[in-house]
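Asker: Both chains are sitting in their own frames, so use the hints and assemble them into the complex.
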Amino acid sequence: MTGFLTIVVVTLGVILLGKVLKIFELSGELRGADANAVTTKDNRTQGALVMLFGLGFLAFVIHQFYKFKDMMLPVSASEHGVQTDMLLSVSFWVIIPMFFITHILLIYFAYKYYYRPERKATFFAHSTKLELIWTVVPTVVLTTLIVYGISTWNKIMAPAAEDAMVVELYAKQFDWTGRYAGEDNKLGRSGYRLIEGANVLGVDMTDGHAQDDKVARGELHLPVNKEVSFKFHSRDVIHSAYMPHFRTQMNCVPGMTTQFHFKPTITTEQMRKETNNPEFDYILLCNKICGSAHYNMQMTIIVESEEDFNKWLEGKKTLAQELGGADVAVDAQPHADAAIDAHDDATTDSDSLDVQHP
Amino acid sequence: MAEHHDNHHHHPHHEEGFLSKWVFSQDHKMISKQFLVTAIIMGVVGMLLSTMFRLQLGWPGQSFPILETILGKWAPDGVLDPNMYLALVTIHGTIIVFMVLTGGLSGTFANLLIPLQIGARDMASGFINMLSYWFFFLSSAVMFASLFVETGPASGGWTVYPPLSALPQAIPGSGLGMTLWLVSMSLFIVSSLLGGLNYIVTVINLRTKGMSMWRLPLTVWALLITAVLGVLSFPVLFSAALLLIFDRSLGTSFYLSEIHIGGQALENVGGSPILYEHLFWFLGHPEVYIILLPALGITSEVISTNSRKPIFGYKAMVGSILAIAFLSFIVWGHHMFVTGMNPFLGSVFTFTTLLVAIPSAVKVFNYLTTLWKGNIVFTPGTLFAIGLVSTFITGGLTGIILGDSALDINIHDTYFVVAHFHIVMGASAIFGMFAGVYHWFPKMYGRMMNKNLGYMHFWLTITSVYGVFFPMHFLGLAGIPRRYYSNTAFPLFDDFIDVNSMISVFAIIGAVAQVIFIFNFFYSIYKGNKATQNPWKSNTLEWTTPVEHIHGNWPGAIPEVQRWAYDYSRPDKDQDFVPQDVPLEPGEEAH
Ligand code: HEM
Ligand SMILES: [Cu+2]
Ligand SMILES: [Cu+2]
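Those protein sequence lines, which keep their order, are chains A and B.
The first sequence begins at 735 in our numbering and counts up by one.
The second sequence begins at 15 in our numbering and counts up by one.
The hints are simulated quantities; they were obtained by calculation from the structure and are not laboratory data.
Glycine residues also receive a C-beta, built at the ideal position from the N, C-alpha and C atoms.
Worth double-checking, as some hints may not be accurate.
Said to hold, decoys possible - Which residues of chain B face chain A? A partial, calculated answer using Cβ under 7 Å:
#, residue
1, Pro287
2, Ile415
3, Val431
4, Thr558
Claimed, not checked - Derived PhoX-like pairs (lysine-lysine); straight-line CA-CA distance at most 25 Å:
#, chain 1, residue 1, chain 2, residue 2
5, A, Lys775, B, Lys551
6, B, Lys387, A, Lys863
7, A, Lys753, B, Lys544
8, B, Lys329, B, Lys387
9, A, Lys920, A, Lys1050
10, B, Lys544, A, Lys775
11, A, Lys960, A, Lys920
12, A, Lys854, B, Lys387
13, B, Lys387, A, Lys846
14, A, Lys863, B, Lys329
15, A, Lys854, A, Lys960
16, B, Lys587, A, Lys854
17, B, Lys551, A, Lys854
18, A, Lys846, B, Lys551
19, A, Lys775, A, Lys756
20, A, Lys756, B, Lys544
21, B, Lys223, B, Lys551
22, B, Lys587, A, Lys846
23, B, Lys329, B, Lys551
24, A, Lys960, A, Lys1051
25, A, Lys1050, A, Lys997
26, B, Lys541, B, Lys47
27, A, Lys863, A, Lys960
28, A, Lys960, A, Lys803
29, B, Lys541, A, Lys753
30, B, Lys587, B, Lys387
31, B, Lys223, A, Lys756
32, B, Lys544, B, Lys47
33, B, Lys47, A, Lys775
Just chain B, same shape as in the assembly (with noise of 0.2 Å):
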């Protein structure tokens, strides 16, 4: 492989045509910014998806001509069809977290990432790291064109439990909207096995000499979990759906059993919904680590370099996403507490459930003490960063709550697990991504992104989504399910109407809100001050790569690695930081 970079290096400048520059790249750093701006646009539409029946939600019943305008047939009178509404809500729920919050956010960092943070001059394999992009936008073509399919797209939720998403008869968007999410999915799941077998093989083989494994920069450590956890667990997603693909399409039973609908007795028995659950958690839990390690990564990054100071207990940060990542793979039945699952595997899910609380306090209080006696400079990057760990706090805890499976029996899917997982899942993923984005937008188009525009965003972000999703607890401990077309049919949830509206005023203005982070990004793509080399005076190698991209990232030898990632505010040095390729000065001693 040694060999393979240096002859590269004698040619970095060779001509490139237009469509292997712009389109069919093998160029990590291309490929990064085609996952960027590809989960950008889906980012929107998942977001527009959620005014519309955010709209519904806060107004129940009430015309809003807009959504007739948009979605024909399926508003009438400006009115949200309820079948619509599940539609909307699924999509949504699928766009974001697969697309924006998987795809969108490994693809981005763990492509410009780990080769620039290891000192390497590509991935292990361009070619693989291209398809794994060209498969994710198919993928996302497909997810987008099925909102056009005449009978809706997929409506079962976005974990589209079987029967209902098997049968047509049932729900019609478990028609060809359903196929179409299987097929989106299926791509899906390829693009993330190509994507994660790289990062891996990349981390492992190619890091630069002397970046020994202690010496990662976190959101490599972060990123390389997160693919290890991507490979151990798509598969099982991808037979999950493989099997709900036979029961749609050629009569097999793995999931269907008894089944009396539209006046007909099926002649499916012995299948059991609850197999799907279970193939589809073990899948389903990682996944909500798969999103957010790198956000957690990424947090480690942004708030050493800018509060100038050692993350504190390096070793514990690295331990605690081991024990995070091996605990993700053994509690994935505290989503089936009320499935009817022996309740003995009830205890044994609440026990480790539980357990994850402990490395994730772990990190909380390990960001904290990196705060301590810091010397912070708030970037917007520095803002989200604190951000993330405000809404990993507020939503941890009460994964506390719900993990306790007697408790879990009374707020299982109502609003408090709306809020649970959107506070710690969604807000502290995006806010990593945020984060990212800000911080490193300087090394992937060498200029500036505006700061106030960065600080206007993250104020108004943050508001957003406290007043979407704290309020949501109380209407789940009310008892307000989740997935409710409208609360309307229930006189005992008249007291949570004025509430539900103020819920889609929140939602409205964060909404508006990224209007402003989208203008400033592609704004400063084109228009930025330009960029210095290293302008959060960072130690990690990328910043020591030249700001105008070339292949092979550095135009001489590959920087060797002398240091940890850490060492800010050394007393022993005037500066307040020295990067990892500065040699120890004579008897200075390695952290």
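Next comes chain A alone, as it looks inside the complex (with noise of 0.2 Å):
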């Protein structure tokens, strides 16, 4: 009922706005005038439309600046990431005056200009000086930001330090599991083949270094001030690891091993206390659309110092007390080189990362 009576509101009046336009027509024309010809009234109103409208838009973003400005990201928890709100900060100074002046001058023109029959255009088609300047004055600015970009670039993703925990990221639809290296700090090897019952991760437990990996769920645990290189792995669709606080993402692709390394600054502790809230929490989050709770697919991760860190991390089982595997390892370790050649090819190994450097 509702629906037919909408359908009919709007029907009499779509009916109702077409003869008020016609009469509106029709008037014009006795008058002898089109009433679509644009009047010098017209431009004068529109002309200070733009200058009212544009004024509002200026201040409406100045307002836009000031509202958010303690609704943004703390400051960077990792060494990093400080680089980056530097170089964040720079382009927003070049480019925030960029555009004040150009919507200045636009807002500017189109309300000083106006037509006026009386007034004739001036004709100026072309002047090679300002066309250089507005040609050189950008690629100048521009070179700059480049080269500052490229060699923070550099800087980030040149290859993690030698002693690095190693974690793992496994990604699936729709959660998280971190894996730590362990003593070895170093990861053993894992296959999509070999995923079954507990072993989610599809963890080789014949591989010597998978035996005293951890795993974690839920929350991800990072010692402060210690760089972490993290190697990514989803096991379905691509997911991406977005941690916000950290400044830093990076795409987990099935097929293939991704990685990212940085080191966490401040402690989730000094973190509540800088931005006064108790509750607090880094998070981890999916940055890929991957399915139907792409928007839930997270987990907490908590810094702390590095004897808290070991600390929690001794409270958990080794893969080979969680798996049972233990015994076919011992006997398989001296053998891992042997081990990788007759692994399936699909089996992804941490030691073949290096291919993604330069």
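Answerer: Have a look at this one:
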């Protein structure tokens, strides 16, 4: 019933609008003018509206920067993030003035030069000097940004330190699993065909390096001020490991290993004080569309002192304890290399990661 | 060719059947109108889809009975289903990007303006031109039909990355819905190639006497380069789609490797989803310029005509179109900085990407200088063209941030990207399209659109565009990912609940504002005031054709071109415009 009524009302409205328009246009024609010709009054009004809306828009932009100031991410909790934040500020300081200068010119010109029959526009079709200026100036500014940007990027993407702690982040619809490499700081091989029962990561328990690996779900703990070298995997579709507080993101792609390394610099405790929020937690989100629960594929990250971290990690069972693969492995260890060859091609092994570096 | 044309004009009034005049027309003007009306219909569909998912984003989890009425089982109790949310986002993006802003924008204006502005009786091949439209129509129809599939339409985002798009186990939309998506896109690519080749051949071969390349209006330059971009890049998308079809249906492993899904290990090994991303973005980035360049060309024309001033730096404008087009083929990797591709490539793509800002800056400054000391007639078209300059600046500047690989790490795939591309591409291209429709409506339909409704339409539209997309920059900087069904799973994002509701309110205002346009458009086709031959006092050749459309465009000989298109307000002339077919006076210098 409401549907029907809506249709009736809308139809009547449209017809009414049509009639009003027609009357308006006819009355214009009676006065001998085309009702749709743009008049001097229109030009003045619209020019003034450009000014009004334009200033309103600029005020709105300033208001937005002000309004969101305190809602942005807190200071970077990773070492490289401090540098990218700096780069971001510099970039903003380049584009914000450009935004205001060009908009003020646009608004002012539109307002000032509205059509008046007695005026004539200035015939000005070309000026090599001006055109050179606005080719060269942006070129210089952009070259600076490019050099600054690329050098920051190269620093971030340089190979991880030898002693960085290796952690695997394993994505699947719709959760994350972390795997610590353990005492030997080497992840045991894994392969998607080995996924079975409790062995959700498909770790190859015949690999000696796998025995001391430890798995974390729900919460990922990291020691402060120690570089972490992440290896990312996915078992089904592309996911993306996004840790905004650490200014870190890397896709997790089935069939290959990706990596990223960073050094957390602020513990969760400190950040809670810093943000004045006792509930604050670092988070890992999925940032590549991956299915129905993409929006809720998360994990909490806890950064703590190395001591606390070690205590936490010690409390965890090793994979050998969890899956009971130790006896096989002791045997397999000396033949680790042979095992790689014998293994299914599809298996990912962390030694082949170097391919990713230039 | 010339003879063919002369034959043509001896019998311009031959009788036509209903079908060949209105449906299977080979006349470029009719085909242009067919493209436009189809695009408007698809535009309405795309916009309604976005309004539906904006309801969910603005008021997550709240019940909207209207959603259940429209979507049935996909919105039980009026709450949108997460899978359907992703499907709506996907089809919204696909329809707007391809059907409205590629097929619709190029199809309408290349068809209308290329022959009329270069002085040709029609496209090089009317038949191929007609096919181009009908492939476009079929493609739109299939895409629309996919909305009604039992398992839902394609849901992997408009970029449809595999494996998500390849495996129905991963998301229900990757079943029949995705198949239809691929069918529709394949038809679309055929349409686009047929159209593009025709546009290129026409511009190169059918220019009237005196119409040298340096006398082409900037609209034609833009449409020509757009067609070249399409012809060079759409085939690559086609290969990407073909390999995806193979992976989906024939069990190949181009994009699939080592997948364990639904409790089962798949046989595929050795493929790479990253290969798909490379192929997709090799089209994907030029695609954004395929969308944008026609809008920029229209803006050049509309701003110059209505400022009663020559476009400033004509050659620089052409040069920047060429530079942008060239660069657009070597920047695709900026969509892939965090895919794990070699970091060295990241540096290269940062370098090439930021270079794009140089020709973009040249264009902006040239528009500004064209307005400077002009005598600006504010038609609704002028307002939309000025609006485009604003959105192009706002959106282009944030490209400088996204193009920096080190910065993209933290904002890739967040709402910052959504803000960037909606403003720079979505809003700019739509504004360009509106500017074109208001400007050339008298040429297309022989009547005027109502100016006051036009003004209202513009002010409501630009207000809602910025109201919707400007705050999204900050959502992105705060770390909110795009393509999320709701942000409520993270307390971190609770601060933004009100912002999201406000954005949705603006989205609804924006949608309602388009009703004004649609009413004005269809009302004016039948009831608008009769147009005069050259209502905007413009220089270009299309305004020398009669108001009533005839086959072959000019009743007599095709006019010869004597000068460039931008002789507005010449100091040596009383009248503030000199059409392109007016001969130089003795002693007058050509520009
Ligand atoms: C100054 C020039 C520009 C630069 C430097 C630039 C840079 C970028 C970058 C780096 C991205 C990827 C961001 C990410 O996914 O993390 C991006 C996304 C995008 N840009 Fe631009 N852009 C520029 C102009 C344009 C223009 C003119 C258009 C359209 C006509 C456009 C349309 C898009 C689209 C559609 C996306 C989103 C793709 C997606 O991920 O779904 N950009 N831009
Ligand atoms: Cu995910
Ligand atoms: Cu791009």
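Asker: For every hint, state whether the structure bears it out.
Answerer: Tested hints:
Interface restraint check for Pro287/B: the shortest CB-CB distance to chain A comes to about 6 Å, inside 7 Å, so the restraint holds. A cut of 7 Å between beta carbons decides the hint on Ile415/B: the least distance to chain A is about 5 Å, and the hint holds. Of the supplied interface hints, the one on Val431/B is violated, with its beta-carbon coming no nearer than about 11 Å to a beta-carbon of chain A, more than 7 Å. For Thr558/B, the suggested interface contact is broken, since its CB lies about 20 Å from the closest CB of chain A, more than 7 Å.
Distance restraint check for Lys775/A and Lys551/B: the Cα-Cα separation of roughly 19 Å lies within the 25 Å cut-off, and the hinted pair is therefore satisfied. Using a Cα cut-off of 25 Å, the hinted pair Lys387/B and Lys863/A holds, with the two alpha carbons roughly 18 Å apart. Straight-line distance between C-alpha atoms of Lys753/A and Lys544/B comes to about 17 Å, which keeps the hinted pair within the 25 Å bound. A distance of roughly 20 Å separates the Cα atoms of Lys329/B and Lys387/B; the hinted pair therefore holds under the 25 Å criterion.
Note on Lys920/A and Lys1050/A: the hinted pairing holds, with a Cα-Cα distance of about 17 Å set against a maximum of 25 Å. With a C-alpha separation of about 22 Å, the suggested pair Lys544/B and Lys775/A falls inside the 25 Å cut-off, and the hint holds. Restraint check for Lys960/A and Lys920/A: satisfied, since their Cα atoms lie roughly 17 Å apart, inside the 25 Å limit. In summary, the hint linking Lys854/A to Lys387/B is supported, as the alpha carbons are separated by about 9 Å, within the 25 Å threshold.
Under the criterion of a C-alpha separation no larger than 25 Å, the hint pairing Lys387/B with Lys846/A is consistent with the structure, at around 8 Å. Our distance criterion of 25 Å between C-alpha atoms is met by Lys863/A and Lys329/B, whose separation comes to about 14 Å. Distance check on the hinted pair: Lys854/A and Lys960/A sit about 70 Å apart at the alpha-carbon level, beyond 25 Å; violated. Distance restraint check for Lys587/B and Lys854/A: the Cα-Cα separation of roughly 11 Å lies within the 25 Å cut-off, and the hinted pair is therefore satisfied.
Among the hinted pairs, Lys551/B with Lys854/A is consistent with the structure: their alpha-carbon atoms are about 14 Å apart, no more than 25 Å. Of the pairs offered as hints, the one joining Lys846/A and Lys551/B holds, with about 22 Å between alpha carbons and a cut-off of 25 Å not exceeded. For the suggested pair Lys775/A and Lys756/A, the alpha carbons sit about 21 Å apart, so the restraint of at most 25 Å is met. As the CA atoms of Lys756/A and Lys544/B are separated by approximately 13 Å, the hinted pair is consistent with the 25 Å bound.
For the hint linking Lys223/B to Lys551/B, the alpha-carbon distance of about 23 Å falls within 25 Å, and the restraint holds. Restraint check: the Cα-Cα separation between Lys587/B and Lys846/A comes to about 24 Å, which is no more than 25 Å; the hinted pair holds. Distance check on the hinted pair: Lys329/B and Lys551/B sit about 23 Å apart at the alpha-carbon level, within 25 Å; holds. Proposed proximity of Lys960/A and Lys1051/A is supported: the alpha carbons are some 22 Å apart, at most 25 Å.
In summary, the hint linking Lys1050/A to Lys997/A is supported, as the alpha carbons are separated by about 23 Å, within the 25 Å threshold. The suggested pairing of Lys541/B with Lys47/B holds, with an alpha-carbon distance near 17 Å, which does not exceed 25 Å. For the given pair, Lys863/A sits about 55 Å from Lys960/A by alpha-carbon distance, which is inconsistent with the 25 Å threshold. Restraint check: the Cα-Cα separation between Lys960/A and Lys803/A comes to about 30 Å, which exceeds 25 Å; the hinted pair is violated.
Distance hint between Lys541/B and Lys753/A is fulfilled; the C-alpha atoms sit about 10 Å from each other, no more than 25 Å. With a CA separation close to 17 Å, the supplied pair Lys587/B and Lys387/B stays within the 25 Å bound. In summary, the hint linking Lys223/B to Lys756/A is not supported, as the alpha carbons are separated by about 43 Å, beyond the 25 Å threshold. Distance hint between Lys544/B and Lys47/B is fulfilled; the C-alpha atoms sit about 18 Å from each other, no more than 25 Å.
Taking the CA atoms of Lys47/B and Lys775/A, the gap is near 33 Å; set against the 25 Å cutoff, the hint is violated.
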